[in-house]
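K.L.:
Those protein sequences? They're chains A and B, same order as listed.
Residues in the first sequence are numbered consecutively from 0, following numbering that gives the first Met the number 0.
Residues in the second sequence are numbered consecutively from 0, following numbering that gives the first Met the number 0.
The set of hints was computed from the structure by calculation and includes no laboratory data.
There's no promise every hint is true.
[To be verified] Over the 10 Å line for every Cβ pair with chain A, so calculated as not near, a few chain B residues: (1) Gln84; (2) Ala92; (3) Leu269; (4) Pro273; (5) Pro279; (6) Arg305.
[What the hints assert, rightly or not] Label-pair restraints from in silico Cβ distances: (7) A:Pro5 to B:Ala191: 29 to 35 Å; (8) B:Leu123 to A:Leu192: 33 to 39 Å; (9) B:Thr280 to A:Gly207: 55 to 61 Å; (10) A:Pro248 to B:Thr199: 32 to 38 Å; (11) B:Gln85 to A:Asp236: 19 to 25 Å; (12) B:Thr280 to A:Val159: 55 to 61 Å; (13) A:Ser200 to B:Leu123: 55 to 61 Å; (14) B:Gly15 to A:Thr227: 22 to 28 Å; (15) B:Glu203 to A:Pro248: 30 to 36 Å; (16) A:Ile6 to B:Leu123: 26 to 32 Å; (17) A:Asp236 to B:Leu123: 22 to 28 Å; (18) A:Ala322 to B:Met99: 44 to 50 Å.
[Unchecked claim] Listed next, the in silico DSBU-like pairs over lysine-lysine satisfying Cα-Cα at most 35 Å (straight line): (19) A:Lys231 to B:Lys172; (20) B:Lys81 to A:Lys231; (21) B:Lys81 to B:Lys172.
Each residue gets a CB set at the ideal place from its N, CA and C atoms; glycine is no exception.
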Amino acid sequence: MMRLDPITRTKLARFRSIGRGYWSALILAALMGLSLCAELLVNSRALLVFYQGSLYFPTYGAVMPGTVFGEDYAYETDYRALKQRFSEAGQGDWVVMPLIPYNPLEINAYEGEFAPHPPNAAREHYLGTDIAGRDVAARLVYGFRIAIWFSVALLLSTYVIGIALGCWMGYRGGWIDLGVQRLIEIWSNVPFLYVIMIVASIVTPGFGLLVSLMVLFGWMGMTWYMRTATYKEAARDYVLAARALGAGPWRIIGRHILPNTMSIIVTFIPFSIAGGITALTALDYLGFGLPPPTPSWGELLKQGTDRLDAPWIVSSVVAGLIAILVMVTFVGEAIREAFDPRRQVRYA
Amino acid sequence: MSVLEIEALSVDAVDGTQAVPLLRGVDLTLSPGETLGLAGESGSGKTLTGLAIMGLLPQPAVRMTQGTLRFQGQSLTTLSPKARQQLRGSAMAMIFQEPMTALNPVQRVGSQLAELYQIHRPNLSSSTIRQELIQGLANVGVSEPERRLTSYPHELSGGLRQRMMIAMALALKPRLLICDEPTTALDVTIQAQVLDLIRTLSREIGTAVLFITHDLGVLAELADRVAVMYAGRIVEEQSVWDIFASPKHPYTQGLLRSIPRLDQSAQTRLAIIPGQVPQPTEPLSGCRFHPRCDQATALCRHTQPRMIDGAACHLFGEQTC
């Protein structure tokens, strides 16, 4: 039985009543969900192939060589060409391609033209291609998937560390608190960008390494808020009452203090997500992020600003970035508004 | 065997290098089923005594510096923090003054009550716990206990919350119950019910009760013995009959005089004890009460009186040295 307490319910109702925040949250959630099945929406592999009476689902699974569909090559089927051939042959075979029939890594060349190719609906390059001839729309979608889930992973890890340590500092207080505070201050002064540059010059940072590096230098922020919040909660009577029941420190932190500081944590989440996306984009822009040819917004932005004569690149990525960040900010604003304790105080 | 024996308990507040004495030489004993009232003004150290017994002093700022605490013959001071934590809630329980804030506002009452069982009786199934809780709430006179379990604290009245706290404190049948002014925040009718409850339950279970209050009227009703505290010391300890019939210490006499009486006319000024309770930081030789005592002698001013025949006063008993 999951019953929310009435205060949380009024908070949620208030959040829902703030239209732009609520809709932004829904759209973002939908985009994040859809990004998980991006292979079905943006892919050079077909969704469905009907060939000689049987159905094929090439999206997931092993590569299907051209010979499967009666082509004369043994490398992966070019489904766009296959689609054209089937419709020309008119033997009842057909191919269903995804919305954007390109994958983010494939390089498209067109005779007599040089990349970047401008947007062209007939070729289904709705946002054109980048300077290597890769579809911009496909790279935007896959870049979004990496950026948003990177942010979520970063958020989860930094919050787990920051909250646990912050609560512990606040609950124990005294010398432990003072000592850990000073250590955090020292650690905060390690220049993060230099560390990233040094690491990037030695190894190529993958997704996991990049998240770990950013967690390593990003967990400190949350400790301050949790530390003060814990101090405030730990002095309250119900904590003493819980201790009088024989509850241990971690039970008190986990079951009594943490739920009472939830509104602080929830309020910070959207802003951390926005921060994570911006940080990854900036690193990729500088070339210290995920290695090429990983689809990334920062790398697209870099290309776009280098090639202002191909304005479709920079305009797509800037529009995408603005749209996502604005929506995240709207959500954050609405949460802050809905969870504002001053709005719940009733003066009798 | 007595449930609780406190000998020469001293508690200091440590502020930097300076140690401020808060409790000095407190001796108390409690037998099973007995109710001991601990009376005194605000700041006299009543609550601190309770917290010291429970091991809940706000360390490291306030700590026990001397004395022995024995609980059912077992020394508490040498026990590990973990072992003391296990005693809390099961063998000894405490009810706090403020029922309004002693419950976690974001948790259902039922899950907070259940926590006690999860800590001390981890083998019980949740349906058994639920039955025990309903029984426990019914015992403290909560109507519709099933429904109350799913309430949040802010949905309950002060009296109900205090009953919840009492139910929680008594759930595991502790040997010792410390009540820290449990009725101060309640109105008089609820107060009477709560006192009744504590008395009957302590009779039934045989729990020893240390009842902390500044309300002597409550003690007259409830206590078997009364100890009066003043400025961190126990100044008088007698049976409830003797303390009201023949108070020995001038402070106790003053306290009793300052209770409004029904047979006085409304115009009579209330008797007061002149002066203020000394600050714990104030260096004061002799009896802590002497600046406010109208019978103080030179002896009172420089020699600390010992507890003899239930009173720590030079005016009573054979005070030597």
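K.L.:
Of all the hints numbered above, which does this structure not satisfy? Sort the numbers upward.
P.N.:
Hints 1, 2, 8, 12 are the ones this structure does not satisfy, whereas the remaining hints hold.
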